[in-house]
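Enquirer: Please arrange chain B on chain A, whose structure you already have, making use of the hints.
Spelled out, the chains give:
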Amino acid sequence: MARRILLLTVLWLLLGSCERTSPEEKWITALSARIEAGYQSLHRNSLALNQRVQDFCTQNADINVPRQQWRQTMAAWQDVQWVRFGPIVEHNDDWKIQFWPDKKNIVARKVNKMLNEPQSITVEGVANASVVVQGLSAVELLLFDEPYVAQFTSTGAQSGDQCQLLTAIVTTLAENTGGIVQGWQDAQFQAGWLATVGQPQDGVHANAVSDAVGAMLTQMEKVKVDKLGGPLGYKNRNRQPNGYFSEGWRSDSSLDNIKINLLAMQGIMQNNEAYDLRRLLESKGNAVIADEFQARLNDNLSLLATIDKPLREAVMEPGYRQQLEDLYQSLGALNNLIKTKLTKALEINLGFNSNDGD
Amino acid sequence: MLRRDFCKWPLLAMVAANGVACRDSQPAGVDVGFRAIFSGCDDAGGTHYIAHLDRAAQVVSRIAVPQRVHGSVYAPQQRLALFFARRPGTHLYVLDTTSGRLIHTVENAADRHFYGHGVVSADGHWLYTTENNLTDLSGVIGVYSLQGKPNKVAEFASGGIGPHQLALMPDGQTLVIANGGMATHPSFEREVLNLESMAPNLAYLDLASGAVVEYHEPPHHKMSIRHLDVALDGRVVFGVQYQGELTDAVPLVGSHRRGEDIQWLELPEPVQLSVKQYTASVAVDAAGETALVSCPRGNLIGCWDLASGKLLQQLQSRDAAGLFRVGNHTQAGNHTPSDNQEQAVKSTWVSSNGVGEMSLLQSNRASLRSQSLSTGGWRWDNHLTVI
Numbered sequence: 005m006a007r008r009i010l011l012l013t014v015l016w017l018l019l020g021s022c023e024r025t026s027p028e029e030k031w032i033t034a035l036s037a038r039i040e041a042g043y044q045s046l047h048r049n050s051l052a053l054n055q056r057v058q059d060f061c062t063q064n065a066d067i068n069v070p071r072q073q074w075r076q077t078m079a080a081w082q083d084v085q086w087v088r089f090g091p092i093v094e095h096n097d098d099w100k101i102q103f104w105p106d107k108k109n110i111v112a113r114k115v116n117k118m119l120n121e122p123q124s125i126t127v128e129g130v131a132n133a134s135v136v137v138q139g140l141s142a143v144e145l146l147l148f149d150e151p152y153v154a155q156f157t158s159t160g161a162q163s164g165d166q167c168q169l170l171t172a173i174v175t176t177l178a179e180n181t182g183g184i185v186q187g188w189q190d191a192q193f194q195a196g197w198l199a200t201v202g203q204p205q206d207g208v209h210a211n212a213v214s215d216a217v218g219a220m221l222t223q224m225e226k227v228k229v230d231k232l233g234g235p236l237g238y239k240n241r242n243r244q245p246n247g248y249f250s251e252g253w254r255s256d257s258s259l260d261n262i263k264i265n266l267l268a269m270q271g272i273m274q275n276n277e278a279y280d281l282r283r284l285l286e287s288k289g290n291a292v293i294a295d296e297f298q299a300r301l302n303d304n305l306s307l308l309a310t311i312d313k314p315l316r317e318a319v320m321e322p323g324y325r326q327q328l329e330d331l332y333q334s335l336g337a338l339n340n341l342i343k344t345k346l347t348k349a350l351e352i353n354l355g356f357n358s359n360d361g362d
Numbered sequence: 042m043l044r045r046d047f048c049k050w051p052l053l054a055m056v057a058a059n060g061v062a063c064r065d066s067q068p069a070g071v072d073v074g075f076r077a078i079f080s081g082c083d084d085a086g087g088t089h090y091i092a093h094l095d096r097a098a099q100v101v102s103r104i105a106v107p108q109r110v111h112g113s114v115y116a117p118q119q120r121l122a123l124f125f126a127r128r129p130g131t132h133l134y135v136l137d138t139t140s141g142r143l144i145h146t147v148e149n150a151a152d153r154h155f156y157g158h159g160v161v162s163a164d165g166h167w168l169y170t171t172e173n174n175l176t177d178l179s180g181v182i183g184v185y186s187l188q189g190k191p192n193k194v195a196e197f198a199s200g201g202i203g204p205h206q207l208a209l210m211p212d213g214q215t216l217v218i219a220n221g222g223m224a225t226h227p228s229f230e231r232e233v234l235n236l237e238s239m240a241p242n243l244a245y246l247d248l249a250s251g252a253v254v255e256y257h258e259p260p261h262h263k264m265s266i267r268h269l270d271v272a273l274d275g276r277v278v279f280g281v282q283y284q285g286e287l288t289d290a291v292p293l294v295g296s297h298r299r300g301e302d303i304q305w306l307e308l309p310e311p312v313q314l315s316v317k318q319y320t321a322s323v324a325v326d327a328a329g330e331t332a333l334v335s336c337p338r339g340n341l342i343g344c345w346d347l348a349s350g351k352l353l354q355q356l357q358s359r360d361a362a363g364l365f366r367v368g369n370h371t372q373a374g375n376h377t378p379s380d381n382q383e384q385a386v387k388s389t390w391v392s393s394n395g396v397g398e399m400s401l402l403q404s405n406r407a408s409l410r411s412q413s414l415s416t417g418g419w420r421w422d423n424h425l426t427v428i
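Protein chains in written order, with this note's numbering: chain A, 5 to 362; chain B, 42 to 428.
Careful, some of the hints might be misleading.
Derived lysine-lysine pairs resembling DSSO-like cross-links, with alpha carbons at most 27 Å apart [to be verified]:
#  : chain 1 : residue 1 : chain 2 : residue 2
1  : A       : Lys288    : A       : Lys348
2  : B       : Lys193    : A       : Lys107
3  : B       : Lys317    : A       : Lys239
4  : A       : Lys263    : B       : Lys193
5  : A       : Lys345    : A       : Lys30
6  : A       : Lys107    : A       : Lys117
7  : B       : Lys317    : A       : Lys343
8  : A       : Lys239    : A       : Lys343
9  : A       : Lys343    : A       : Lys288
10 : A       : Lys288    : A       : Lys107
11 : A       : Lys117    : B       : Lys190
12 : B       : Lys193    : A       : Lys117
13 : A       : Lys108    : B       : Lys317
14 : A       : Lys239    : A       : Lys108
In case anyone wonders, no lab produced these hints; they're calculated from the structure.
Same shape as in the complex, but just chain A (with noise of 0.2 Å):
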C-alpha cells in the first residue's frame, strides 16, 4: 500500500511538473491559434474573391460585388499584416499578398506590361512574374482605378484581357493565402516556434515572444512612417503631403486599413476568450503597462475616427492637418511604449545587427 502510494505521489508530481506551462508559453500557444486564424480568413477571402472576380468575368455582375468581396479580403490581411516572421517572410509570400509602398506606381507598369503581352496572361504566368502583380494591390488597380474600370465598360464584354488577368491575379492570390495557412499549420515550424520560447529572451537565442512583439513594432512604425507620414510628406524632399502615397487610395481604404491595424494590436493585448498579452503581463506584475497600452490605442482610435474623409483627400486639406499631425504623434507615443515598456516588461532585447543602422 506504502507502495502505491509513493507511486501514485510521483506520477502526480511528474504529471504536474509537465503541466505547469510558463505564462509566455500560454501566450504563444493562444497567439499562433490567433494567427491562424487569420490566416485562414485571408484564405476564405481569397477564395470569395476568386469566386466573385468570376462571376463578374462570365456573367456581368456588377463590378461593386467583386470590390466589396476585395474589401473584405484586404481587410483580412491588414488583420494579420503585422505577423513578419515564420513562413510568410521565407518565400516573400508576405509582398504576393500586397506589394506597397509603391511611389513609382510600379503596380501600374507591370500590370500593363502584362497586358500588352497577352500571351502571358495565365495563372501560372502570374505566378512566375513578379510579386508585384500577384495580390491585393494589382486586384486594386484592376478594379478601381478609373481607366481600368472604363476599359471594363467600354468594352461591354468582361471576358477580355483585363478580366483574364484579374482571373489569373486572384487564383494565385487564392493559392498563395492557402499556401501560407499550411505554412503556419506545418507541425515542424509550429513546433519549433513554441520550443524557442524556452530560450533567453536575449537577443542572441531565436524567441517566440521577441518575434512576435518585434514585429508589433515594427508594423506600428510602418503605420507610422509609411502609411500617415507617407502621405503626409514626410518623407519627401519637399515635405508636401500627396493622397497618392496613402496605402489604399484607389479605394479609399487607407484609413480603414489603420484602423484594422490597430485593432489587431487590440486584439493581441486583450482577448477574453483566449490568454492574452495582458495576463502574461499581469503574470509579471506587469498590468500596468497593458493599461497604458490601451490607453494609448484608444488615443490613436478615437483621433483616427475624427477624420472622416478619406486619408487622399484629407491630407490635402489644411483643416485635417492638425488631427492628422496629432495622429502621427500619438502613433509615435504608442510605438515609443512598445520600444520601452513593453519590451522591458517583457524582458526582450530586439535585433542587433539588424537594427544597427550602421
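Expert: Quick look at chain B alone, frame taken from chain A:
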C-alpha cells in the same frame, strides 16, 4: 528561466537547439588558416566589449569598454588590434594582443567622432580613420601615427559626407573610401539630416597628396555606399544601404576597378525584398572572383560571382554580421588539399553574427559551405578582423 515543459515535447527542444540547419560542425584538428579573430561584441545585458579570439574561435580576452565599437583593424608590426567606436562614438581602443591588455583609449577631438572603421598603412606606421567634422558635417580621414599611443598628425577631406569604411588599395598609395553621404550630428542622435540631398560616392584618395583622384556616384542619391573590400588585383566590391522605399528596385552590391564604371551585381527580386535594402559586411576573395555580403535584415549571406555578376548562393545566418577573408591565397586547395578538384577549397572566410556564432565559410567550384567554429552568448558586432 529553466523550462520545465520539455518533457511534453522532447523533439521541440531539439528543433529549437538546432536553429539554422545544414551546418557542419568543425572537424577536430582542421587547419582553419588563421590564428586570431578580433571583434566588438555586446553581452545579453548590453555591455560593450572588445574581444580577441583564438584559432578555435574561442574568446581569449574580452574587455568591457564604455562605447560600442563597430569595426577593427590589426597593426602587425606593433601587434595591436585597434577598435573604432560606432558613430557618434569618440573612442579608439588599442588592444595589445601580446599581453591581452587594453593599453590605450584614444579620445577624439571635441568636434570629431569616429564612423567605426580604420585601416593601417602598408609600412605599418600610420592609421587612417573615417571621421565626422562636426563643425560642418564634412567627411574627414584622420591620419594617426602609430608610434606609441595613436596620435593624430593630419587630416584629409574624404571627398564626401559620412565616410564609412575605407581600405588600402594594393598599390599601398591609395585609399578607397565609401562616402555614405548621410549627414548626422550627435545632437540629433542617429537621425539622417540630409535624406533628400544625400550625395554618396566611392572615392579614391592619393595618400601622398591627400587629394581625391577619382570618384563615382551611384545612380540614386539614397544609395548609401557603406562597406567595401579589395581583392589583390585592385577590384573593389562594395555594399549599399538604400535609404528609400523597401519596394524600390535598386542594386545593393557593386564592383569597381580604377578608371572603369561601376558594375552592379545581380539582385533578384526575392532577395531584394528579403534583405530590406540593407547590407552589412563585404568580403571579396583574394583573386577577386567571389564576393560575400552579409544581410542581417534578411538573415542571409549572399555569394556573388564577380565575373558574371550573378548571385550564386545564399547562406542562412540569423542577424548575419562580420565577414573577413582568410589569407591572401589565390590558388585552389590551399586549406584542405583534396584529390577531387571539384571539392578543393578555393577561398575561405570567417563570418560572425549577432546570435553568437562564428563560422568558417569555404567555397569550392560547386558551392559555399559553412562550418560552425563556435557559439556563445555574445552578440558579435557588425565587423571582424581575422589574422
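Enquirer: With reference to the structure, classify each hint as holding or not holding.
Expert: Here is how each hint holds up against the structure:
{"no.": "1", "hint": "A:Lys288 / A:Lys348", "result": "11 Å, holds"}
{"no.": "2", "hint": "B:Lys193 / A:Lys107", "result": "46 Å, violated"}
{"no.": "3", "hint": "B:Lys317 / A:Lys239", "result": "17 Å, holds"}
{"no.": "4", "hint": "A:Lys263 / B:Lys193", "result": "56 Å, violated"}
{"no.": "5", "hint": "A:Lys345 / A:Lys30", "result": "21 Å, holds"}
{"no.": "6", "hint": "A:Lys107 / A:Lys117", "result": "18 Å, holds"}
{"no.": "7", "hint": "B:Lys317 / A:Lys343", "result": "20 Å, holds"}
{"no.": "8", "hint": "A:Lys239 / A:Lys343", "result": "22 Å, holds"}
{"no.": "9", "hint": "A:Lys343 / A:Lys288", "result": "18 Å, holds"}
{"no.": "10", "hint": "A:Lys288 / A:Lys107", "result": "44 Å, violated"}
{"no.": "11", "hint": "A:Lys117 / B:Lys190", "result": "63 Å, violated"}
{"no.": "12", "hint": "B:Lys193 / A:Lys117", "result": "58 Å, violated"}
{"no.": "13", "hint": "A:Lys108 / B:Lys317", "result": "17 Å, holds"}
{"no.": "14", "hint": "A:Lys239 / A:Lys108", "result": "14 Å, holds"}
Hint check: violations occur at hints 2, 4, 10, 11, 12; the rest are consistent with the structure.
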